[in-house]
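Participant: Sequence:
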Amino acid sequence: MQNVRWRLSCILQWKLGFLILLTSVGDRVTGQIRYSIPEEMKKGSVIGSVAQDLGLDLQRLRAGRARIVSGENIQYTELKTDKGILVVNERIDREQLCGDVTPCSLSFEMILENPIELHRVTVEILDINDNAPFFPNTDIQFEMSESAMVGAKFPVESAVDPDVGVNALQNYILSPNNYFILKQHANPDGSKYAELVLQKPLDREEHPTLPLKVIAVDGGNPQRSGTVNIKVSVLDANDNAPVFNQSVYRAVVVENAPKGTYITTVNATDADSGSYGEIIFNFSKIKGSTVDMFSIDENTGVISVAGLIDFEKEKKYELRLEARDRGGLTGTSKVIIDVIDVNDNVPVINIMSFSNTISEDAPLGTTIAVINVKDADSEKNGQIKCAIDKTLPLKIQSSLTNYYNLVADQHFDRETTSEYDITIIATDSGSPPLSSSVTLQLRISDVNDNGPLFDKTSYSAYVKENNSPGMSITTVSAASDADWGQNARVSYFLEEKEINGVAVSSLVSVNSETGVIHAVRSFDFEQIKWFEFNVTARDAGSPPLSSVATVRILIQDQNDNPPQVLYPVQTGGSLVAEMVPRSADVGYLVTKVVAVDVDSGQNAWLSYKLQKATDRALFEVGLQNGEIRTIRQVTDKDAVKQRLTVIVEDNGQPSRSATVIVNVAVADSFPEVLSEFTDFTQDKEYNDNLTFYLVLALAVVSFLFITCLVVIISVKIYRWRQSRILYHSNLPVIPYYPPRYSDTLGTGTLQHVYNYEVCRTTDSRKSDCKFGRAGSQNVLIMDPSSTGTMQRIQSEKGILDEPDSPLEAGFLRHTLTWSWADCCRNMALISSESTIKWQVRAFILVFFIEATVCQIRYSVPEEMRKGSFVGNVAEDLGLDAKRLKSGGARIVSGDNSE
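Note that full-length UniProt numbering numbers the sequence shown so that position 843 is 843, with each residue one more than the last.
Mixed in with the good hints there might be a few duds.
[Said to hold, decoys possible] BS3-like mimics (lysine-lysine), calculated; alpha carbons at most 25 Å apart, straight line: (1) 213 to 192; (2) 385 to 374; (3) 153 to 213; (4) 231 to 192; (5) 316 to 231; (6) 380 to 456; (7) 609 to 592.
Calculated directly from the structure, the hints in this document are not laboratory data.
Taking the hints into account, I'd like the entire structure generated from these sequences.
Facilitator: Next up, the structure:
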């Protein structure tokens, strides 16, 4: 029978319990389903559609690696994730699985991962009538005295039917006879037994033996039955049957009690004497193997342990007792033996689901593992507590019965601890307690939460000037990153900045992998003595983290510059001589050689020496100060013309030097000097002619400038007066507009005049600009290099002051050249409120400007439809459409609406 039924109980109590279960489990248990199937279904038979009943799609089952977790040794069911159905995996025998326990069900869990979901599935196994009732013994012999009283009872060994419910044993039927009837009774456990009741006195002489048949039938469809043959032997008279002193005996036994352990003693008496008063005790079999657990001494009635008592298999035993005398009469009673549980089973830990790797930024409460713990013992012996080391950043929580979740209780830090060994200990509450443990290894995956760190915040390095380009200066590769893998791979970058107007990248470079800093070019101490820049260490994480270190490079001076003589000045075309009177005394200061060295330190320490002299005995040079003094009294015998060669040396290694020739004239008057230095007059005349020509050129240039300035101012004043006359007259003003300047003068609420006056030189850094104010000012700018949007030109006048601004480029690069007359006529449009000072300044700028901006004017009526034609800008500006497109032409307006 493959009638598979899925049902969710509608009983209010079950609903309430289910809601409480969902509330306690939270979002990890999303559903519970129950199926009912008959036993003995074929392998592969469909139990139910799990995906449909749980509201899951097939993709979720496959992606979540859905699987069934059962504590049974035999996997009776199988989940087909490709179809989302639950099928029979092994033949299910309800009697083997549950015995006489009803209802019989299989409970297991279906686990999905990513995220973890736990669904409980219960499959109820319905009994079918696959077992016929049977008697443990197919033949039974009774001995009865012929004097047995009518109504005497003789118990019949009970039949056994493993089925339950209606399929279980329902009735006993006795074969037709004249002496006995069959009475049926029920045991407390629901099983039935029968007794033969004598309804007619026996007569041994007439019938020494009576053959009977008892048939046990169940209630299944089709009905099954079992038969036992009973042979009754009629004995001579035995008037009294044995009688137990208790109708029910109770005893207890500890599980795992050794064989022979005493349990209890039963007693019975028989009023007869002789052989009819001798009593024999035995068990009347109720269940197949139950009687094998115990033994009874047939003479004393002592009951003891005969087999292995296991509380987990059977918690209570109920045995029927028989006391039979030699005459065949029987008395019955029963004994109930309760088994006391012993803590003999350790908890069993099963890992249902475990994520062995978790990110260090996992939020609190993240489920890491789902654990199932079972203990076959009962009550306290089966009560389990799970625990882990309290120093771990984890905690263990109970979810379902016997299920625990291992969740994150603290934030992880991989840099502190990258791996955890988690020992889960399950301990029961028995005495003594038993425990078991399992160890899980949890790895913490890295996230980029630590930036690179330099060992110090600033570095200093020295490099000699005139170094070779590419030379290694220093290294900043000592940066460390506490992260791992890609997050710890550090790269180094220069922070772009300018040093004395030069980009730092043109001075040094840094190796992105090693952090070694190289010189890009040769340094000159005389140009730059030190510079400072920042190096960024950035990891490869996402998002990347970085830190900055400051590097200072100090240039060390080298003696690469010779001294430079400032005085006396050496000229090629003139002769300079120092005069010394003949009356000069010893130590007379003739002159002083002044020299400098652009090097620094000892490389700039200068010393002066007299290399050559016309008369070495007359002059000396100060070693440190370069002063030339007489060392003796000047006499008339000394030559008028003295030539001294002074060498200036620095203190570098190797040293560098320069020489200077000092001419000294020993004379008391200037005429004496002229006779010796004959070329002096010629030099003087040359200098006088040069000065004259320079003064003449300056005068001519100044005259031309003043003349042009006067003409410009005159013309401007004339134009201004003409405009004032027109302004105050009643005559209509007809302004002049440049070529291609059109005005239809439509009527409406918009202002008509859109004027812009810009006077600017191409190389100026500061310019005066004035804009005619209008209700809407639109400028058409064509500049392929401009990437920004120029808005509200009036309010952003500062942009015109920038030498390389996109606005200046747009105004100066793409223009139409106007003639001087056009510019002058256009200036008539300037507002009457303009001052004369501004007009003069504007005309001066217009005079030197090379190009200006063309402007066009259109007039349109108000309320024109969107898309109406206003004017042909390309044609009016003399541009082709290709030029507008390639130049990125756009309209920039200060209004909120276009």
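Participant: Could you run down the list of hints and mark each one as holding or not?
Facilitator: Hint by hint, here is what the structure shows:
{"no.": "1", "hint": "213 to 192", "in the structure": "holds, 17 Å"}
{"no.": "2", "hint": "385 to 374", "in the structure": "holds, 11 Å"}
{"no.": "3", "hint": "153 to 213", "in the structure": "holds, 16 Å"}
{"no.": "4", "hint": "231 to 192", "in the structure": "holds, 22 Å"}
{"no.": "5", "hint": "316 to 231", "in the structure": "violated, 33 Å"}
{"no.": "6", "hint": "380 to 456", "in the structure": "violated, 63 Å"}
{"no.": "7", "hint": "609 to 592", "in the structure": "holds, 12 Å"}
When held up to the earlier numbered hints, the structure conflicts with 5 and 6 and fits the remainder.
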